[in-house]
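**Student:** The listed protein sequences correspond, in order, to chains H and W. Here the first sequence stands for residues 1 to 462, where the numbers follow our numbering. Here the second sequence stands for residues 1 to 292, where the numbers follow our numbering.
A hint or two may mislead.
Unchecked claim - Here are the simulated lysine-lysine pairs, PhoX-like style, with alpha carbons at most 20 Å apart: (1) Lys279/H with Lys262/W; (2) Lys194/H with Lys41/W; (3) Lys107/W with Lys213/W; (4) Lys241/W with Lys241/H; (5) Lys101/H with Lys51/H; (6) Lys412/H with Lys241/W.
Since the hints were derived computationally from the structure, they do not count as laboratory data.
In case you want the letters, here they are:
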Amino acid sequence: MADALHRVPVREQDPKVRATNFEEVCLGYNMEEAVAEAARCLKCKNPQCQKGCPVNIDIPGFIKEVQEQNIAGAYSVISKFSALPAVCGRVCPQESQCEAKCIRGIKAEPVSIGKLERFVADWARENKIQPKVEAESKGKKVAVIGSGPAGLTCAGDLAKMGYDVTIFEALHEAGGVLVYGIPEFRLPKGSVVKSEIENVKALGVKIETNVIIGKSTTIDQLMDEEGFSAVFIGSGAGLPKFMGIPGENANGVFSANEFLTRNNLMKAFDDNYDTPIFKGKKVAVVGGGNVAMDAARTALRLGATTYIVYRRSEEELPARVEEVHHAKEEGIIFKLLTNPTEILVDEKGWVKGMTCVEMELGEPDASGRRRPVVKEGSEFELDVDTVIMSLGTSPNPLITSTTEGLECNKHKCIVADEANGQTSREGVFAGGDAVTGAATVILAMGAGRAAAKGIDEYLSGK
Amino acid sequence: MYEIVRKAVLSPNIVLMDVKAPRTAQHCYPGQFVIVKMDEKGERIPLTICDYDREAGTVTIVFQTVGASTKMMAEYEVGDAFRDFVGPLGCKTDLIDESMDELKAKKMLFIAGGVGTAPVYPQVKWLHEQGIDVDVIIGARNKDLIILEEEMKKVAANVYVTTDDGSYGRTGNVNDCLKALIAEGKEYDHIVAIGPLIMMKFVCLLTKELGIKTIVSMNPIMVDGTGMCGACRLTVGNEIKFACVDGPEFDGHLVDFDEAMKRQQLYKTEEGRAVLREKEGATHHGGCGNCE
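Bound conformation, chain W alone (with noise of 0.2 Å):
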């Protein structure tokens, strides 16, 4: 069993846990992910990680509640434990591996979609460990939905935050803030975009245009997370990954966006959809602002 032995409720359906597993602690990296399971009938769920205690043995994680799986986990408490949990999974993101100088000659910005801002911070706090502050939008619909501000800016040089409906920080959505930046004499020449789908897409197509390098985050449906089951497959650059172990990081002007889109609705069923549309509204995702 894996103990929680932290919870925070960041906005009204997205919660933040500190979960005791050792051996995940000891040998994660940001970019790697990890997969939960609550009880003995529960789903296998894959969640990218937020932060890491090698100390403690713990890892962060943080979810969005959008099906009966991660409502019921959001009710575990400090104290409750996990049946499962196994990782880390896929690959570390590759500023890892990277030499200083070439982390110090990159001009770097972050792009966090709701939700999306959880597996950011781990990477914006490792490079801030290495002596590097980078730039970060943080974006959702609404003030509600912004998450892991302070935190940022704890390990950022500049927090730019923006608001779909103007209710808190810029108002619009992340590509207008980017637009906005570049506008204000920003340069960047290499963006990691992690968030909804629809986002990362519209992100990319943009920094397609700018000529600027962008890294995505991939979440697709998956079992077991070891390569196994192939549920995960993605078309990058008209080859077939599997985010699971080839990923879950991508060049993000590579990735077929929208067949991953089409991928993502294989089991929402007209329930499920009933219900993100009842938590989120119209645009039913991480909150971006693109989607009608």
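Isolated chain H, as found in the complex (with noise of 0.2 Å):
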């Protein structure tokens, strides 16, 4: 058990057991787990934890419930800045943001803030506790583009100031990327993700799936004909990147959203559901971020062996240490300061191999990190039949090309405030990857926040 120095250990699944399921990985504290680390809490009156959280939660606040075992009131502390607490006690990367500030940290381990976030929230849905709304009507509709995490904020939040909001999602399934993107194994969806959506329908918000704002409606039109007074732009990344090598479009590669989708919004995985997935034998999964190792370890329970081809050094590994851990755990293979050439095809159109390059690390580029550079004479072939393409996201244009006057930067990007939200065009606002370009599920929601901020202000001057 803990010890001032020592956080309670997570139960986990064992990862030979694991690898070959959807299920959770992370099993979460009990009670007593989450009450003793709740102590180790200094309780600090200037609380540094608090400033590296993007949506400000009262963290010693609720950690100091858990220690009382007032689960129901530490939820209640949460719920006032976070309408996603169980998923972000999954997938935020707390050890950069709230854990990184935490003050037993400088001289022991931080203290568990996700797990305890995430106890809270599963003891709360296992309850049937949701959030309470008490604001009076204000009367003004808004819509908010996209349910992922910073149109569920965004909503939830002005929904709880007394707006009547609706969220348009092009998708059949509200949720955004914690539906279609992150994997069911570390992110349920039937339990969590479901009642975090539920919970804020309870605040009144009203989603309205099967909606692609740019073709099936526009902006000027829920706000010329719908009567919107307001619109929140939280679309999302948008169109996935290729490498531009020889024998991308053969059979047998994929981009990781694709790959993704088909197995986290579409059930693949699962033989009652009709989408078919290309399962490969072998694998390669080029990149190196959350995305690329949820790929590696989606493909890995599939029954591939799995390679990470990354074509910088671990240290360089944009995904978080706790998920590189867990794929190293469960048996993926990393193939770093390696860089893809050419994808090798067969004459019917199908991947056999991956020609590759070993890279070395040169002097810091633009971005800080270490440049890798081409090692001479170096090439070799990866014995591949499926490659799996993890290189980010370029914005989609369908709402910039469809609604006038809003301004993007070079990188096609929505142009929005900071501190507010606000576009170029009057009563538009937008947030998250749509105009950070991909990022975090917490910093989007911190977006959303901001922005809903924002509306009740510009609409309250109104």
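Need the complex rebuilt from these two chains, each delivered in its own frame; the hints are there to steer you.
**Tutor:** Next up, the structure:
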């Protein structure tokens, strides 16, 4: 059990077992473990952890309630700040946010803030506690585009203020990246995500699925014809990037988005669902971010020998440390300082291998990371039948190309004020990946929250 | 839910449905497509729009029963509903944005192959509504697979029907028909060809020789249809394009059809292919006659 220096360890599924199933990896704390971990919190007067949280949760406040075994109280503290605690407790990069600033962490292991948040949210769900609405109706309609973390947070906050909010979702399920991107074994859809969305609906938010803004209707029509006084764009990241190397259109080459969407949203891993997925026997995932880890661990669970192919070294992997650790435990093979140069294709158009070169790190580049350069004469062939490209995304032009006067930056991301989400169009606000490019769930939530405040200020002043 | 308000069986394995989908009906144009999903466990199936009624709020879809999902879909009746129906997706056909003068100056021919007649119809109808009547070739393997002939006749200048086996109309595939029309003195400078990949490929080979600009409509494998997954990528003029957001219509002389045909095989299991063979005979596609 815990002492002041060490965290209460969290129970996990055995790596050998979980490599063959899609059940959640982390099993979370029970009451006893949570109370013991909560006791490690120093309850600082000037809590640094709270400053590290993009939505500014009163962390010592909720941890104190946990320590006193008042979990309903802890949930009500968190609910003031976050609409999605069961999600954040699972997928936030706490090690670089709240936990990185934890004073306990200076001389010992920081408090497991994420695991405690998850415990509180799961307890509330199991005990059927929903956040309360108390606001009086403001009599004004706000449209939210996209039901991912930014949209859900913005909608939830606005509903709590008394606005009549409708979320428009392009896909057939609400949740955005929480349902199509992040796999079941990291974030269970049926229990966790669904109930977080139900909580947002319980605040009075309406969700209309199968509506693509820019196609099924436009922002101008929402404002001019459907009576929405303000619009928040939280439409997410966009179109997958490919490398531009020979062989990329061969059968067996997929974007991580496609591979994950088939498996997560369409549930291709479950034979009861109709959508097919190509299960390779030897899979290379190109890239080193969280999405790459998700794709690799999914391929592994579908039965493949799986490689991560990344051109820099372990130190530069953009994925969370915990994800890399889990991936290694499960048996993912890391081919670091390795870059693909060609996908080899058989005469019928299927992948039969991938030519790679070894890299070494040179001088730092614009991002401050050491630039990988090709090692002379290092070319080799990796024996794979499937390649998954996880190289990030570029913005989807559906909304920007159909909304006049909506300013974009040189990367084609929507320009929005960080403080309040205001775009170049009056009454139109934006946040999340559509503004920043691919980032994290919690940053999108922070932007959704800031925009909700911005929208309230804008509509109150009208 | 999206209710089916009309159903017609056009041929033994081609079904037409009018589906209540007001937002899509309000905003769609010829050339665009929708994605339908039958129930919670179903696939997302992309279908090019065949017609729409803005006032009634309905969109017409036509599909061929080629796999398990479309077979189940064909069993839906009036009053049943799709769980999901989203659109319009993709770009409208370029013709919509051209000026009347530009349109009138064109000598247009539409070539429809099998179930590809469905997406040709709204374009021909739209042109008819602008006062422009065009020629149409409808081709299929045999008489049973010819669809929408009467509807097409009402909106086209001339409809030429051709079957591979000669069971109806002229004998031969659509290319034979096109060659014959040109031999008979017809002149065209703009062709729109929609049908099975193999048909579009061979039409494009011929029209390239003849020097006639040809637009094709691609319907590759896709998941979301909004640009997110990249499954529908094609090579067009040595560039990678996503059919869902950049298309589905492209300059047929630039499309890499051989690659597109290989990519189409990705999820065709042995079982799926067997169903196709059983349904459609040795050619197992939409019936152009060029397949071995």
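**Student:** Within a Cα-Cα threshold of 20 Å, do lysine 194/H and lysine 41/W meet the stated pairing?
**Tutor:** holds (17 Å)
**Student:** Taking only the CA atoms, is the gap from lysine 101/H to lysine 51/H under or equal to 20 Å?
**Tutor:** Judged against 20 Å, a Cα distance of about 8 Å means the pair holds.
**Student:** Can the restraint linking lysine 412/H and lysine 241/W be considered satisfied, given a maximum Cα separation of 20 Å?
**Tutor:** Holds, at about 18 Å.
**Student:** Given the proposed pairing of lysine 107/W with lysine 213/W, does the C-alpha separation stay at or below 20 Å?
**Tutor:** holds (11 Å)
**Student:** Taking 20 Å as the top limit, are the C-alpha atoms of lysine 279/H and lysine 262/W close enough?
**Tutor:** holds (18 Å)
**Student:** Need the status of pair lysine 241/W, lysine 241/H: alpha-carbon distance at most 20 Å?
**Tutor:** holds (12 Å)
The structure is consistent with each of the numbered hints, conforming to all of them.
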